[in-house]
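Q: As they're listed, the protein sequences go chains H and F. Going by full-length UniProt numbering, the first residue of the first sequence is number 1, and it counts up by one from there. Going by full-length UniProt numbering, the first residue of the second sequence is number 1, and it counts up by one from there.
Treat the hints as calculated values from the structure; they're not laboratory data. As the structure is a computational prediction, the values presented were derived from the model and not from experiment. A hint or two may mislead.
No copy is singled out in the list; a pair is fine if it fits within one copy or between any two copies.
[As the list claims (entries may be wrong)] Taking lysine-lysine and the BS3-like style, the derived pairs with C-alpha atoms no more than 30 Å apart in a straight line are: (1) Lys49 with Lys216; (2) Lys206 with Lys49; (3) Lys216 with Lys280; (4) Lys24 with Lys159; (5) Lys105 with Lys49; (6) Lys280 with Lys239; (7) Lys206 with Lys24; (8) Lys207 with Lys105; (9) Lys239 with Lys24; (10) Lys279 with Lys206.
Protein chains: 2
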Amino acid sequence: MIYFNLIVILPLLNILYHLDLGTKTHNLPAMFGDVKFQQNEGFCAFIRKELGLEGSEEDMQDICTGTDRYCMYKTGPVLSINHGMGIPSISIMLHELIKLLYYAKCYDVTIIRIGTSGGIGIEPGSIVITDTAVDSFFKPQFEQIILDTVVTQNTELDKELAEELLKCSKEVPDFPTLIGHTMCTYDFYEGQGRLDGALCSFSNEKKLDYLQRAYKTGIRNIEMESSVFAAMCGLCGLKAAVVCVTLLNRLECDQINLPREVLLEYQQHPQKLISIFIKKRLGRYNPK
Amino acid sequence: MIYFNLIVILPLLNILYHLDLGTKTHNLPAMFGDVKFQQNEGFCAFIRKELGLEGSEEDMQDICTGTDRYCMYKTGPVLSINHGMGIPSISIMLHELIKLLYYAKCYDVTIIRIGTSGGIGIEPGSIVITDTAVDSFFKPQFEQIILDTVVTQNTELDKELAEELLKCSKEVPDFPTLIGHTMCTYDFYEGQGRLDGALCSFSNEKKLDYLQRAYKTGIRNIEMESSVFAAMCGLCGLKAAVVCVTLLNRLECDQINLPREVLLEYQQHPQKLISIFIKKRLGRYNPK
Numbered sequence: 001m002i003y004f005n006l007i008v009i010l011p012l013l014n015i016l017y018h019l020d021l022g023t024k025t026h027n028l029p030a031m032f033g034d035v036k037f038q039q040n041e042g043f044c045a046f047i048r049k050e051l052g053l054e055g056s057e058e059d060m061q062d063i064c065t066g067t068d069r070y071c072m073y074k075t076g077p078v079l080s081i082n083h084g085m086g087i088p089s090i091s092i093m094l095h096e097l098i099k100l101l102y103y104a105k106c107y108d109v110t111i112i113r114i115g116t117s118g119g120i121g122i123e124p125g126s127i128v129i130t131d132t133a134v135d136s137f138f139k140p141q142f143e144q145i146i147l148d149t150v151v152t153q154n155t156e157l158d159k160e161l162a163e164e165l166l167k168c169s170k171e172v173p174d175f176p177t178l179i180g181h182t183m184c185t186y187d188f189y190e191g192q193g194r195l196d197g198a199l200c201s202f203s204n205e206k207k208l209d210y211l212q213r214a215y216k217t218g219i220r221n222i223e224m225e226s227s228v229f230a231a232m233c234g235l236c237g238l239k240a241a242v243v244c245v246t247l248l249n250r251l252e253c254d255q256i257n258l259p260r261e262v263l264l265e266y267q268q269h270p271q272k273l274i275s276i277f278i279k280k281r282l283g284r285y286n287p288k
Numbered sequence: 001m002i003y004f005n006l007i008v009i010l011p012l013l014n015i016l017y018h019l020d021l022g023t024k025t026h027n028l029p030a031m032f033g034d035v036k037f038q039q040n041e042g043f044c045a046f047i048r049k050e051l052g053l054e055g056s057e058e059d060m061q062d063i064c065t066g067t068d069r070y071c072m073y074k075t076g077p078v079l080s081i082n083h084g085m086g087i088p089s090i091s092i093m094l095h096e097l098i099k100l101l102y103y104a105k106c107y108d109v110t111i112i113r114i115g116t117s118g119g120i121g122i123e124p125g126s127i128v129i130t131d132t133a134v135d136s137f138f139k140p141q142f143e144q145i146i147l148d149t150v151v152t153q154n155t156e157l158d159k160e161l162a163e164e165l166l167k168c169s170k171e172v173p174d175f176p177t178l179i180g181h182t183m184c185t186y187d188f189y190e191g192q193g194r195l196d197g198a199l200c201s202f203s204n205e206k207k208l209d210y211l212q213r214a215y216k217t218g219i220r221n222i223e224m225e226s227s228v229f230a231a232m233c234g235l236c237g238l239k240a241a242v243v244c245v246t247l248l249n250r251l252e253c254d255q256i257n258l259p260r261e262v263l264l265e266y267q268q269h270p271q272k273l274i275s276i277f278i279k280k281r282l283g284r285y286n287p288k
């Protein structure tokens with residue numbers, strides 16, 4: 001059940017500008033009413049095959065045709081959207097997605113962000129399921145600026161969902177999966193302690209000290225979207241998870257210099273895990 | 001001349017991960033050495049026609065082929081890249097673009113962000129050339145978190161370049177152009193005082209009070225990238241400008257509900273202005 005507990009009144013007519021959808025121009029309940037799972041990266045082709053869904057080619061057409069900001073695909077009860085990079089980009093998508101789910105009268109939706117991240121002290125290729133997103137100061141919170149006031153929001157994710165995902169990971173023993181804190185930053189370079197950006201104002205020692213302190217607080221990976229995702233889903237009563245693969249160990253290097261085929265293989269780890277999770281939920285899981 | 005005044009040492013080998021380019025895999029000086037202008041949105045087809053460049057179809061091929069994060073096009077001395085939405089997304093692109101310009105041995109580069117924005121107290125369709133980017137508290141600064149320290153950076157843009165662009169606008173009298181402050185926010189909905197997001201925790205009165213206070217400090221439009229753009233270009237000695245069209249007057253409404261053809265026409269206003277600017281700089285401007 002979605003509790004839109006902070007939405008007081010949503011008007012009957014509403015334009016979801018960045019998705020190029022609207023209540024006046026599209027029949028949202030007909031288009032989306034059966035959605036039960038929602039992921040944030042191009043995933044539909046994979047899950048369609050995994051679920052053995054014979055749907056028409058229409059399933060694979062981008063729903064947000066009139067914009068290049070986001071792409072959206074729907075296959076059966078799975079909706080898949082990319083969210084761009086960074087807190088502002090995912091927050092725009094989430095506002096409009098949550099409005100879409102509301103107008104489409106969806107209920108009991110599970111929302112999962114899958115993506116890539118930098119690991120801290122763990123083997124590249126590992127999956128981190130986030131229990132709590134923390135900020136650059138290791139605090140479990142998201143600071144949202146509303147008008148000119150800073151409002152602090154909770155960034156804990158759904159514990160049961162995280163445990164359910166960890167349980168699914170036992171079925172894919174070819175890469176390690178763990179639950180840990182995820183640090184969410186506004187910047188990929190200096191903000192994550194990288195020395196290899198166009199600008200750098202600190203030493204390798206300072207960087208390592210920072211990352212080691214992060215590790216000690218329980219942080220196992222760093223990415224750029226989890227805090228606002230956890231905060232907004234929490235406020236709207238959506239069950240949410242963040243499942244990211246790590247592409248490198250930041251205690252060892254800054255540059256992502258894996259061969260393309262290894263990168264592509266790593267990027268499939270979250271998809272493999274989520275596919276088992278969805279199949280189990282739908283009662284279609286047949287272990288080989 | 002680019003002064004990479006904060007880059008102490010850039011290694012000989014470097015991977016520009018999000019652009020899918022690298023010093024080892026690409027001959028960057030040959031590919032980019034002649035770049036003099038750089039814009040951040042799909043613009044190359046337009047300027048190619050405007051400059052009468054007869055280049056091959058190759059000119060119109062995306063240079064960042066191996067990634068869907070960014071697209072990059074080059075036509076003559078003009079490089080055009082999209083930057084996604086929000087400060088984190090444009091900052092990743094800028095780090096890698098600045099490294100690219102460095103490795104390609106480009107000099108005397110002018111960098112312009114063109115885009116859309118919400119206007120405050122001005123007619124939709126107007127162009128705002130930013131003199132200074134300000135934050136949600138109307139302060140002319142960008143707060144960059146480096147490791148766990150907040151560093152305050154200057155967000156003034158190049159005055160002469162802004163005046164030169166304003167002068168060019170006299171040649172396109174079909175829409176108003178002005179110089180003003182631009183507010184840069186981390187959020188499109190609550191962070192810009194919108195009432196129509198999935199979440200809203202303030203009244204219409206509070207919203208209007210906030211936007212009117214913004215207007216009184218000289219803010220004429222709101223977008224989501226200008227502050228980090230101004231800060232990074234300033235630190236690297238790049239001459240930079242922000243030229244955004246306004247799609248609505250935020251004192252009157254929140255939703256962008258213009259007909260598609262009007263939206264598309266408005267989005268061409270910055271392109272028209274920049275095209276005159278580039279033609280003048282290249283000595284190819286022939287007023288009709």
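Q: Looking back at the hints listed earlier, which ones does the structure fail to meet?
A: Hints 1, 2, 3, 4 and 10 contradicted; others consistent.
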